[in-house]
Structure formats: structure tokens, C-alpha cells
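Protein chains: 2
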Amino acid sequence: MPSMNPKTPETTTLGWMGTGVMGRWMCEHLVKKGFKTIVYTRTQAKASPLLDQGAAWAKNPLELASRCDIVFGIVGYPSDVREVFLGGQGALAGARPGTILVDMTTSQPSLAREIALAAKAKGCYALDAPVSGGDIGARNAALSIMVGGEKEIFDAVMPCFEAMGKTIVHQGPSGAGQHTKMVNQVLIAGNMVGVCEALLYGHKAGLNLDTVLQSVGGGAAASWSLNNLGPRILKGDFEPGFFVEHFLKDLMIVMEETRAMNLALPGLALAEQLYRTVKAHGWGRKGTQALYLALCQISKVE
Amino acid sequence: MPSMNPKTPETTTLGWMGTGVMGRWMCEHLVKKGFKTIVYTRTQAKASPLLDQGAAWAKNPLELASRCDIVFGIVGYPSDVREVFLGGQGALAGARPGTILVDMTTSQPSLAREIALAAKAKGCYALDAPVSGGDIGARNAALSIMVGGEKEIFDAVMPCFEAMGKTIVHQGPSGAGQHTKMVNQVLIAGNMVGVCEALLYGHKAGLNLDTVLQSVGGGAAASWSLNNLGPRILKGDFEPGFFVEHFLKDLMIVMEETRAMNLALPGLALAEQLYRTVKAHGWGRKGTQALYLALCQISKVE
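As given, the protein sequences belong to chains A and B, one line each in that order.
Numbered according to numbering that gives the first Met the number 0, the first sequence terminates at residue 301, and the numbering increases by one at each position without gaps.
Numbered according to numbering that gives the first Met the number 0, the second sequence terminates at residue 301, and the numbering increases by one at each position without gaps.
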């Protein structure tokens, strides 16, 4: 069992890797709670707001981990996760026995298990703890945090999770957090196809989509995506809440997992194809609602 | 303009055709409001609760319409709609000039326009006014009613709609009510594919789906279907809220419409295929969540 008790922030040193649109807010909540925090990012400038608030700086994940009790990461792709946790200059290379590694990136369940095994071999621990809730959830400490790994380690890190999220659930052994996040993304994929196709049908049928949303937004067809992204589509607002290219990364991960499971999910496979057309049109940095634009292209709808 | 004013129930005679799981409750609300109501159903026994409450009986739609100011219908398939409104013994054949026909069945937008034109040729009026909200919405007078047709006729029938529904929106000319209902069904189709595939993925990944729902049920993946049908799937409860075979009828209607529009909706087309497999397995009288069972079959998941 880990020797530190993060219920006493002043005696626990945290490491944080990755200060993008999510990570910068999540780390800030920990700093504000009084945890002694050390930060590493590829671009040091991105960390300055945190350094201004009292966080220290480490020049690479290895050095970071050598000074910390718990090391969090929220980076980009699985390849980035592998590099910052398992690479030659990665966190595990510098970690003392008993250190806890917590990957909050949405990444591969299989990689989460690999990190956990590598950690165990060094007398360390690992959790996979991806989140949902977007930059607004990160900012408001309202994230849903889905955690895989040993229950005792989950409990030990709980005071940190509570600083960042509202819905914090232990989902099972290593990888279960990532699998749960995949469930979340499969739900969104199916629903986004429904939302964009339904609004396109209504548009093509000549309906007033504002009044249509009044009729369909409160019953069995209601969803977060319809009620939050539907109005943006109607206004022609395709700016990102969540980037198409990040969503496509998640869909690739879950497609790989289904292949390994010998599981056919035809709707997911179609969604992945459709989001590929969105990216092909150059809309990878638009929001996921840009699927509407790609569907317009497919049928040449003005 | 119609001569009756349904704001004074005692001077308006209503006709009602179809007393299935929805229609019996909807008609009962009108009877209770004090409208003089005449009922026609194929099976007279089904109408007895309404006759007991004071409704009169007509032996066919023609005779019914000859005695009414407004004639409502909520029957099964478009072929039934055609028969009760436009058939030789149908309502329009018996309707006096000024009579309003209101079809509340989920049916074809093109048939709604055909009924409206036929009505106009006889000096009558027609609305298409399909609903969502299921038998519970019907029972609680909480339906969403989506109406196509002339605005003045919509206004004239409003006191009746208000007895049956909560969200009552005029969506445009004849057919616009049906088109809006199709938007609703396309939304549900995409979302149900997402819900059933996501839960199957989680099951196959060995997750505890009860705790998974805690993590994913409140954020960007949230939907009415997930939060209402998800728990039923987890309990192995595939009894109908809404019948697979009725949903499949709706998907057929909207597929026909998209063909006429030259509009490709690949997610909808896939949903229609998947629901066909549900019916092929003999689950046409199960609820729409039985899609989960068909997906299990496809990948031989126990």
C-alpha cells in the first residue's frame, strides 16, 4: 500500500503532465486545494499560469516522478501516454517504489493494463482515470471520472479526484476506466449520427427546425447532444466543444478493442466512417456537430 | 373557416376512430372535458370503457363523420389511415362541409397531404397531428403533439389538443406534423443503436453496467433512451414501451420519404436493417430495447 496519505495535502507531492484545455484546469484545482504540485509540459509557456500559482517545474516526466508521490497525466494520443509514462524519460523510469501513476487521458484499455503491470514490476501502482465533461466540466470541477485499478489505490487518490470531479466511480480493475469511457463514446457516436441525420431530414423536408426542437427536445428523442449541439447546428455554429479529430481518435481505440473482442458493432463502424469523411473535408478541428456538414455534402444539400 | 367553436364543448360534436393503447386515453380526456363524443373502432368491445363514460357509437367512419364537427383518428398503419379517412366507408365520404379531419396516427407525410387535398375538394379541412410520449403520455395528457395544416384550423382544434397534450406545436403546412414525427424517430433510431451497442461493448468488456450507467448517464452521453431503457436492458426486461414492429413501420415511412427527397441517411438505413433483424428473430412485439438482443445474436454474445 502507498505510504502517503493525500488527505493531508501539505505532506503529499503531486506531479502533473499535460496542461491542455482540460489539464490546465484540473491541475489548478489541485494547486488551489493546497497540494504541493510539480508540472511538466512539452511547451513550458503553457504551464506559466500554474507556475504563477505556486506550482514547480520539472524538465521531463522522469525527473518529475522522482520528486512525487502521485503522478497524473492527461496528454493527447496513446503514443503520448506511452511516452510520458513508459518512455526512457518517462514517469515510471523515475518513480520511487510506492508511487501512484494516474493516466487521465482517454486512451487504450490495453495500454492501461500494460502501464499497471509495468508499475507493479517496479513496486509502484497505476490507475486509468479518463474523464468526461469537457473543458467546462474541467473548469467547474464537475467532471465524471471513470477509474480502473485497485480499489485501495482508488481510495488513496480520492481526495485528488474530488478536487476535479463530481461523479467519481471505481469501475473495476486496470483498463475498466478506459472501457467505461469507450462506452461513453459509443453512446455519443450513435446519438450524434441520429441528431445530425434527423436535423438534416427536417431541413430537407422544409421544416422550421427551431419549432421542431420544441416538439422533439423534451420526450423520448431527448438527449444532451440534441439539446446542446442541436441549437448550435441550427445557428451554423460548428466551433469545437470537442474536436472531431479527438473524437475520431477515441472511435479508433474502441474499434480496435471490438476487433480484439470479436464483437461487431455496425453502428459504431459506420460512425467511424462518417467522422472520417468529416476529417477528410478538413473539419478535424471543428466540433463533433460538424458531422452535419459532412452529411450535407454526401447528399449535396445546400 | 369552420363554423364550430370547440371552446364550447357542449356545442361541438367530436368523432374518434381507434381506441388502442394510445387512443383510448386520448379520447377519454376529451369525453371528460365535456365534449359530446362519438366513437368508432373495428372491435366494439374495445370502446366499452368510453361508451360507459357517455360516448356514443358509430358503426363505421362514414356514419361517424356525418354526425361530427371534428373527426380524430389514431389507427395503425398508413393503409388503415387511408381506409378510415378516404375509403368508401371512410370519414370524408360522410363529412359535411366545414368538418375538420385530424389524423393523429404516425403516418406518411405524403398521405397527410393527400387527405388535406381531398378534404379541401369537399369543403372540409384536415390536420396531421402525430404524437410522442407513449401510453404513459397519453394517459397523463402529457403528449407532444406535432401539427401540420392551416394555422386557423390548428387554432380551432387547440382546445381539444390541450385536453390531450402538453407540448402542442404548429409545425407548418399539411405533412409538416408527420415530417416532425419522422425527425423524432430518426433521433431515436440513432440513439438506440448507440445505447444498445455501448451497453453490449461494456458487457463484453466485463464491466459492471450498473456502475457504468452512474458514470455515463449524466453527461454528454446522456439521453432519455439511455436513462429509461438502459436500466431495463440491464434487468433483462425487453417488454414493450414501444413495439419493435411499430417502430419499424415508422422507419419504413421515413426511409420512403428520404428516397423521394434523394437524401442519403446511412445511420437511419442501418438502424432499419438492424431492427429488421430484431423482427426476424420473432421480437416484433418486444420493446425497441430488444435491439440489444439482436446485437448479442450477431456476435454470439451470451
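Since the hints were made in silico from the structure, they are not lab data.
Where hints are given, some of them may not hold.
Same chains, same label: a pair holds when it works inside one copy or across any pair of copies.
To be verified - List of simulated lysine-lysine pairs, DSSO-like, C-alpha gap at most 27 Å:
#  : residue 1 : residue 2
1  : K45       : K299
2  : K121      : K32
3  : K234      : K31
4  : K58       : K45
5  : K234      : K35
6  : K299      : K278
7  : K299      : K58
8  : K234      : K58
9  : K150      : K234
10 : K248      : K203
11 : K278      : K165
12 : K150      : K203
13 : K234      : K32
The structure presented is a predicted model; accordingly, all values stated were derived computationally and were not measured.
Consistency of the hints with the structure:
1. K45 x K299: Result: close neither inside a copy nor across copies, 42 Å intra and 49 Å inter.
2. K121 x K32: neither (30 Å within a copy, 76 Å between copies)
3. K234 x K31: neither (38 Å within a copy, 43 Å between copies)
4. K58 x K45: within (13 Å within a copy, 78 Å between copies)
5. K234 x K35: neither (45 Å within a copy, 46 Å between copies)
6. K299 x K278: within (17 Å within a copy, 33 Å between copies)
7. K299 x K58: Neither. Shortest intra-copy (51 Å) and inter-copy (51 Å) distances fail the 27 Å Cα cut-off.
8. K234 x K58: neither (44 Å within a copy, 51 Å between copies)
9. K150 x K234: For K150 and K234, the Cα distance is within 27 Å only across copies (26 Å; inside one copy 46 Å).
10. K248 x K203: between (31 Å within a copy, 21 Å between copies)
11. K278 x K165: Neither: 33 Å inside a chain and 41 Å across chains, both beyond 27 Å.
12. K150 x K203: For K150 and K203, only the inter-copy Cα distance (22 Å) is at most 27 Å; the intra-copy one is 52 Å.
13. K234 x K32: neither (40 Å within a copy, 41 Å between copies)
Violated hints, in rising order: 1, 2, 3, 5, 7, 8, 11, 13; the structure is consistent with all others.
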